[in-house]
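Asks: Sequence:
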Amino acid sequence: MAPKLDKPSPKIAQPEGRRRCHCREIRRTYPRPIPPTLRSQHPRKQKGKIMSAETTELLGLPYIVPSQAQKHVTHNEAIRTLDALVQLAVKSRDLAAPPADPAPGQRHIVADGATGAWTGKEGQVAAWLDSHWHFLAPNPGWLAWVEEEETLLVFSTAVWIDFAPAAAVATGGSMLGVNTDADETNRLAVKSDAALFSHDDVLPGTGDMRLVVNKAAAEQTASFLFQDDWSGRAEFGLTGNNDLTFKVSDDGAAWKNAIVIDHATARVAFPAGTPYREPLTANRTYYVRTDGSDDNTGLANETSEAFLTIQQALDVIYGTLDLAGYNVTIQLAAGTYGGAEKIGAQVGLGDILLRGDPTTPSNVIIGAAIKIGGGGRLIVDGVKAQEASSMSQASFAATGNGIIEVHAVEFGALTSGGLSHVYAEQGGVVRLLQNYTINGGASRHLRTVQLGQIFAAALTITLTGTPAFGTAYAQATNLARAGVNGCTFSGSATGTRYLADALAVIFTNGGGATYLPGNSSGSETNGGRYM
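If you're matching positions, the sequence shown starts at 14 in the numbering used here and goes up one per residue.
Check the hints yourself; a few may be wrong.
Across the chosen pairs, the derived CB separations fall in these ranges [to be verified]: (1) Gly286 <-> Ala124: 52 to 62 Å; (2) Ala470 <-> Thr294: 32 to 42 Å; (3) Asn192 <-> Gly218: 18 to 28 Å; (4) Gly129 <-> Glu197: 42 to 52 Å; (5) Gly431 <-> Gly525: 23 to 33 Å.
With a cut-off of at most 20 Å between alpha-carbon atoms, the simulated EDC-like pairs for lysine to aspartate or glutamate come out as follows [as the list claims (entries may be wrong)]: (6) Lys104 <-> Asp125; (7) Lys204 <-> Asp214; (8) Lys104 <-> Glu160.
None of these hints come from the bench; they were simulated from the model.
Bear in mind that the values here come from a model prediction, so they are computed numbers and not experimental data.
All C-beta atoms in this analysis are idealised placements derived from N, C-alpha and C, irrespective of residue type, glycine included.
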């Protein structure tokens, strides 16, 4: 009898309608907790209730839904969208048409007026993925880095705008615009009705608040500029030097200094004038240069500080200072200058000296008249006086009780008719106090009229080149007086030696008829005396 073989146990079939429970698979697929209201139900009955939509609410990424075929397609679509959005950096934001040969993954922000494949996609992010353009509509708050511009943008409401604060945090702070765009010139730009800077009461700080404006060097500018319709009207600060300057302008182009505070002495100057005079507390020097400016302070021998004209220096001294017993020097640099006129007395005792180069006066030329009147006083030293521009009367003219004292000078040619080297009238006085040189002719060397007086005593007067005097070397008329006594003349001249008329006196202290330079005898008329 054959042995009995063990048979495998038959499979027990599952009853019709019974299926294995998939709770474990569902939990693995959806790890988030099932809402309490659904826990009592079998998972099969929860279909369509765990997810209320097929895409995420923010980025619109597709969900993988239960019983979905080809789940990888949905998954890949979501991955591709994330790949385009995460760390969003676009190539540009100014293209309205797609580039001809985009690189895989290349992204752009579509500009206005989009055409071609980008038509109607203005403001969206266009990404070249799988050889097609895909478009992502931004939401407010999205950030995008523009590679070509190295600029961070933020999507605000309906447009992309520069997000300078974020760029400042990310890159160390190159520009910041508040309610406006910053640029390479105005790296901090603010449009606002008001701006507040206050002490720190949060951390807290020290209780102080200091706004610092720094410049690189003395000749640079650190200032506050006030404009009207973008045209400058007022400015204060360190403008071209280290003095504190307040200036104004009527047109934004021509500026005038109103107040200048010297950084070394703290002295206050009012270049445009003031009803109050500055009392001097020490001797002072004003500088005049051919490359200066009358808008400067005149207080330093630099282009940015010196005056341009002698007239400006005299206006400041006579118009704004109380000398208070101190002396003021007007120092001229080498070059040629125009004349100046000042009618009126100075305020306060002290001397006013116009000085060039006493060693070589010809280095500093005054080409027009220096005229002092109305009780004014001036000392002149180290200049050459000659006609370089239109002038009247004389190189040095004292009128109306004005006084001019002349030290080491040279007298050059005055070619226009009727001009004199030295002139005095109406109580004006010119005193020649140091040896001097005459190397050019004139109508007269000395002329005094109407109670004017000229004095030259015990001097050596050198004549070079035989200067010619068309009227006379010395002329006095109408009760005037010219005193030329005890002088030594070196060289010779041509012309009449003297003319004394109308009760005027030319006093030589017995010098004789040929004492004064010239080659023609002088004359006395109408009670005039040569003696």
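Asks: Hint by hint, say whether it matches the structure.
Replies: Comparing the hints with the structure gives:
Restraint check, glycine 286 to alanine 124: a C-beta distance of roughly 58 Å satisfies the suggested window 52 to 62 Å. At roughly 36 Å, the beta-carbon separation of alanine 470 and threonine 294 lies within the given 32 to 42 Å, and the hint holds. Taking 18 to 28 Å as the suggested C-beta distance range, the pair asparagine 192 and glycine 218 conforms, at roughly 27 Å. A hinted range of 42 to 52 Å for the beta carbons of glycine 129 and glutamate 197 is inconsistent with their spacing of about 33 Å.
Look at glycine 431 against glycine 525: about 28 Å separates their beta carbons, and that is inside 23 to 33 Å. Of the supplied pair hints, the one linking lysine 104 and aspartate 125 holds, its CA atoms being roughly 16 Å apart against a limit of 20 Å. For the proposed pair lysine 204 and aspartate 214, the alpha carbon gap of about 26 Å is over 20 Å, so the pair is violated. A C-alpha spacing of about 5 Å is found between lysine 104 and glutamate 160, which places the hinted pair at or below 20 Å, so the restraint holds.
Checked against the numbered hints above, the structure breaks hints 4, 7 and satisfies the rest.
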